[in-house]
Amino acid sequence: MDPIRVLAIVLTAAIGGLLVFYGSLFTIIAIGPIGLAGVALAGVFGLLAAFNVGSYVRAVTGDSAERR
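The opening position of the sequence shown corresponds to residue 0 in numbering that gives the first Met the number 0, with each subsequent residue numbered one higher.
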């Protein structure tokens, strides 16, 4: 497990979490372009975080092509 991949996973999850928080905050304050953009960005980063966590789990459990 290389540290760059771990760092990417942590950063993606952190950015995704912040965007979910701020996106929902903006949507509650004013359902406008800023809120909708925040929710859309949060969705994109949420998907990226999910894929990164999935690859992290596969790498740790040895179910990746790199380990074979």
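Hints are computed from structural coordinates only; laboratory data are not their basis. It is possible that some hints are incorrect.
[Said to hold, decoys possible] Restraint ranges, calculated between C-beta atoms of paired labels, are given here:
{"hint": "1", "residue 1": "D1", "residue 2": "A36", "range": "10 to 20 Å"}
{"hint": "2", "residue 1": "A36", "residue 2": "P2", "range": "26 to 36 Å"}
{"hint": "3", "residue 1": "F20", "residue 2": "V52", "range": "13 to 23 Å"}
Note that the Cβ used here is the ideal one computed from N, Cα and C, for glycine as well.
Holds or violated: the 26 to 36 Å window for the beta-carbon distance between A36 and P2? For A36 and P2 the Cβ distance comes to about 32 Å; the hint holds.
Given a hinted range of 10 to 20 Å, is it respected by the beta-carbon distance of D1 and A36? violated, 33 Å
Check the following: the C-beta atoms of F20 and V52 are separated by a distance inside 13 to 23 Å. Check passed, 19 Å falls within 13 to 23 Å.
Consistency note: the structure conflicts with earlier hint 1 alone.
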